[in-house]
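Participant: All chains should be built: construct the whole structure from the sequences, respecting the hints.
In case you want the letters, here they are:
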Amino acid sequence: MAHAAGANHLSGLTGSSRTILAHYQSQVRTRRVYTLVSIVVFLIVLGASLDFANNANSGKFFERLPYLFDFMKSFVPDSPLEIFRAMFDLPSPYADGSIKYDYTSDRIWITDSFYIPNFFYQLAITINIAIVSTILGASGAFVLCFFAASNMVGSRAVRWFVRRVMEIMRAFPEIVVAGLLAAILSIGPISAIIAVWIHTVGALGKLFFEVVENADMKPDEGLRAAGASWVERVRFAILPQVLPNFVSYTLLRTEINVRASTIIGAVGGGGIGEVFSLSIGRDHAAKTYAIIILLLITVICVDQFSAWLRRRLIGHQSFEFGRGAA
Amino acid sequence: MSSVPTINAAERDRLLATYPQVFHRSLMQRWGLAISAAVVVVYLAFCFAFFNVIPTFVNGNWDRASIYLQDWYSWRAQPRLRFQNGEVVPQWTSRGQYPQGANIPWMQPMPDGGYTVSFGGGDRLDVTPARVDIHLDGRSYPVEITSDQAILPPGAPAAMEQDGNKVMVYFGFEGQAEIRSSQVYIQRRFLGWANFFFDTQSPFWGRSLPEVAGLMLSGERLDPNQSNASLALDNFLNNASWQHADIFSKLTQTLVMAFVGTLFATLIAFPLAFIAARNITRSRPVNWGMKRLFDFLRSIDMLIWALFFTRAFGPGPIPGIAAIFFTDTGALGKVYSEALENADDKQREGVKSVGASPVIVQRYGTVPQVLPVFVSQSLYFWESNTRSATVIGAVGAGGIGLKLLESMKTNADWDKVAYMVLLILLVVFVFDNVSNALRSRLIGRKSH
Numbered sequence: 001m002a003h004a005a006g007a008n009h010l011s012g013l014t015g016s017s018r019t020i021l022a023h024y025q026s027q028v029r030t031r032r033v034y035t036l037v038s039i040v041v042f043l044i045v046l047g048a049s050l051d052f053a054n055n056a057n058s059g060k061f062f063e064r065l066p067y068l069f070d071f072m073k074s075f076v077p078d079s080p081l082e083i084f085r086a087m088f089d090l091p092s093p094y095a096d097g098s099i100k101y102d103y104t105s106d107r108i109w110i111t112d113s114f115y116i117p118n119f120f121y122q123l124a125i126t127i128n129i130a131i132v133s134t135i136l137g138a139s140g141a142f143v144l145c146f147f148a149a150s151n152m153v154g155s156r157a158v159r160w161f162v163r164r165v166m167e168i169m170r171a172f173p174e175i176v177v178a179g180l181l182a183a184i185l186s187i188g189p190i191s192a193i194i195a196v197w198i199h200t201v202g203a204l205g206k207l208f209f210e211v212v213e214n215a216d217m218k219p220d221e222g223l224r225a226a227g228a229s230w231v232e233r234v235r236f237a238i239l240p241q242v243l244p245n246f247v248s249y250t251l252l253r254t255e256i257n258v259r260a261s262t263i264i265g266a267v268g269g270g271g272i273g274e275v276f277s278l279s280i281g282r283d284h285a286a287k288t289y290a291i292i293i294l295l296l297i298t299v300i301c302v303d304q305f306s307a308w309l310r311r312r313l314i315g316h317q318s319f320e321f322g323r324g325a326a
Numbered sequence: 001m002s003s004v005p006t007i008n009a010a011e012r013d014r015l016l017a018t019y020p021q022v023f024h025r026s027l028m029q030r031w032g033l034a035i036s037a038a039v040v041v042v043y044l045a046f047c048f049a050f051f052n053v054i055p056t057f058v059n060g061n062w063d064r065a066s067i068y069l070q071d072w073y074s075w076r077a078q079p080r081l082r083f084q085n086g087e088v089v090p091q092w093t094s095r096g097q098y099p100q101g102a103n104i105p106w107m108q109p110m111p112d113g114g115y116t117v118s119f120g121g122g123d124r125l126d127v128t129p130a131r132v133d134i135h136l137d138g139r140s141y142p143v144e145i146t147s148d149q150a151i152l153p154p155g156a157p158a159a160m161e162q163d164g165n166k167v168m169v170y171f172g173f174e175g176q177a178e179i180r181s182s183q184v185y186i187q188r189r190f191l192g193w194a195n196f197f198f199d200t201q202s203p204f205w206g207r208s209l210p211e212v213a214g215l216m217l218s219g220e221r222l223d224p225n226q227s228n229a230s231l232a233l234d235n236f237l238n239n240a241s242w243q244h245a246d247i248f249s250k251l252t253q254t255l256v257m258a259f260v261g262t263l264f265a266t267l268i269a270f271p272l273a274f275i276a277a278r279n280i281t282r283s284r285p286v287n288w289g290m291k292r293l294f295d296f297l298r299s300i301d302m303l304i305w306a307l308f309f310t311r312a313f314g315p316g317p318i319p320g321i322a323a324i325f326f327t328d329t330g331a332l333g334k335v336y337s338e339a340l341e342n343a344d345d346k347q348r349e350g351v352k353s354v355g356a357s358p359v360i361v362q363r364y365g366t367v368p369q370v371l372p373v374f375v376s377q378s379l380y381f382w383e384s385n386t387r388s389a390t391v392i393g394a395v396g397a398g399g400i401g402l403k404l405l406e407s408m409k410t411n412a413d414w415d416k417v418a419y420m421v422l423l424i425l426l427v428v429f430v431f432d433n434v435s436n437a438l439r440s441r442l443i444g445r446k447s448h
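For the protein sequence lines, the chains are H and V, in the order given. Going by the numbering used here, the letters in the first sequence line up with residues 1 to 326, in that order. Going by the numbering used here, the letters in the second sequence line up with residues 1 to 448, in that order.
Quick caveat, the hints were computed from the structure, so don't treat them as lab data. For clarity, every value in this text was computed on a predicted model and none was experimentally measured. Incorrect hints may appear among the rest.
Stated by the list, open to error - Derived list of chain H stretches under chain V, where covered just means 3 residues or more per stretch with a C-beta under 8 Å from a C-beta of chain V: (1) 16-29; (2) 110-121; (3) 177-183; (4) 246-256.
What the hints assert, rightly or not - Taking lysine-lysine pairs in the BS3-like style, the calculated list, with each CA pair at most 30 Å apart, reads: (5) H/K218 x H/K206; (6) H/K100 x V/K409; (7) H/K60 x V/K409; (8) H/K73 x H/K100; (9) H/K73 x H/K60; (10) V/K166 x V/K409.
Beta carbons are placed, not taken as given, at the ideal position from N, Cα and C, and that holds for glycine.
Facilitator: Written out as structure tokens, the structure reads:
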């Protein structure tokens, strides 16, 4: 059918057009073969990966699938109100002395009559870990980024060195830093802060120096002509151009760090992540749902607030790159 | 300096009147930076107190810190020389860095019983049941051993100290010794990783590199059933103290988690994004619902998904894949639908005007425009997921993250931690470069 149509078209063509058509068709054919081959290779890799994953897992996918629904069914709180009792540390009517229903003993008393519910307190710790490490990380990245930018530092060796330092800080597994510090300083939020901080310096440093490299160099030339020092050039020529972008990237990083500090918390950094991993591990349904709701609200609030602030600062420029990167 | 312009009063007034926004700025414009800096400093000071930074650092185990850090690039042999029935008997920990009955150059038996342990540069311990002679910096200090304690002679330097019934001797990096009435516990440190290639059970143990290479290429078979090369590979992978095969398999699990999770998220987010895009599906409620679904998937932390599926499927790559899949379906769906909404409508109209079916309209009118962006975003997520899969693994999803956490908890395997960190850094660099190269080929250098 396709051949017949091709033949009909060919009959009305001159010699050179016929050659072009033949070349075009052979190219299309080659491309189709390549596409087919790459799809087949891709499927083989995927199949091997899935098989490997299934074999390496302690429970097999299809064997465990029915248990997933069993687990979800058994993971229902005794009453929807229990979730809110767990969230606000109110006494439970189901209390039987076990820690599953013991919500009240974790209260954080501020004065004799006023307390903060435990989960809110842990959430505050996690958010503070994220904010402190973002502030410290952004400061570190701010200092480093000018030494990695090719338009601010002439020496290739300095640039190479600073960029490699940033790369290592970015790629170094956070849990190793957190684990090493937890072994030295005992388990607590400080190891989480330092771990997230180190990663933030590397991640923001890369974004920052790319912004600096894209800055307009005319103000810098003007300052240089007037005899300004290096610090003055950075302060008056580069900084006014890049500061909005810096702030915006830092806000985006705050969002990511809230998630990162939750996860590090689960590994032993304290905060809501640790409480969450304990409660889901012990099958405390009401507590688990209370934490999930709190985390969901927090993440949505932080996202919306930082998106609003970024829009106010630099308008509708998109910064979706790196959003999913924890 | 001489070129500073001077202006008269009239000119000054004119400038002030013409550019009020420059000379009369609001409080926030003038002091905004200083105020925010002050707020940040106050906040940091508050957190400094809130997190008990100073007490934590003061109470930190700093002496342990230096040992842990040295463990990253060196190893310790830890024999106990026990005093049994008037004899000195060496006893080794379970880590077994030497095979039974090996001739150890730095720990030699003495002719009259007992052992001499050298710490390099003439420093050594001569251990006999009744007395330990410490030779340090060319001088010797005899430590008397009675039935219930070891006694340091008076006038000993600061590198030795009496700690209750026992005597501690520090030789710096080379090691230390703890002399008790019943035993001398020695820690002798060497640069490098002990038995990295072959453990003590292997016939290749203790041979130099050229020797091993010679055996593998041409030597006589050590094991009649297989060639030396395959025996060496087998011994290397099943090295009892370094567990190379296990570490490689765990690393592969982490990579598979990131790859399969991102791939599935891409495949599911692709059609859903068409439903969420306002210019393609012309139904506001459907767009809105799909976008909220993306927000929901994205906002539930990867940690929550990981722990949830770990409870359901048990530790391993499947919970990791599921966690990455659910979070990234939301994230990629959002990014994709925004890219679709920014796509040019003219090409779709062109295809539609010749009477193509809706699917064909999207295939030839939209996909060619957005595909490079889609693929580059997915590659970017793949790359960053390679990193986050490590952390997800530590939470319980398995893979190299869990292995790292287990090794760190023993507080004795820091050399193995260093080895895994090096492997992770290597893999992350390779993946970064591959995905960067692919992305810059797809969308040109300047777009990212």
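Participant: All hints are to be evaluated individually against the structure, with a verdict given for each.
Facilitator: Tested hints:
With a threshold of 8 Å between beta carbons, the proposed coverage of the segment 16-29 of chain H by chain V is violated, since 0 of its residues qualify and at least three are required. Check on the segment 110-121 of chain H: 0 of its residues sit with their Cβ under 8 Å from a Cβ of chain V, so the three-residue criterion for coverage is violated. Counting residues of the segment 177-183 of chain H whose C-beta sits closer than 8 Å to any C-beta of chain V gives 3, which meets the bar of three, so the coverage hint holds. Under the rule that three or more residues need a Cβ within less than 8 Å of chain V, the assignment of the segment 246-256 of chain H is violated, with 0 such residues.
The straight-line distance between the Cα atoms of H/K218 and H/K206 is roughly 23 Å, inside the 30 Å bound, and the hint therefore holds. Simply put, H/K100 and V/K409 have alpha-carbon atoms about 28 Å apart, close enough for the 30 Å limit, and the pair holds. Only pairs whose Cα atoms come within 30 Å are accepted, and H/K60 paired with V/K409 is accepted, the gap being roughly 28 Å. Straight-line distance between C-alpha atoms of H/K73 and H/K100 comes to about 17 Å, which keeps the hinted pair within the 30 Å bound.
At most 30 Å may separate the alpha-carbon atoms for a hinted pair to count; H/K73 and H/K60 meet this at roughly 20 Å. For the suggested pair V/K166 and V/K409, the alpha carbons sit about 29 Å apart, so the restraint of at most 30 Å is met.
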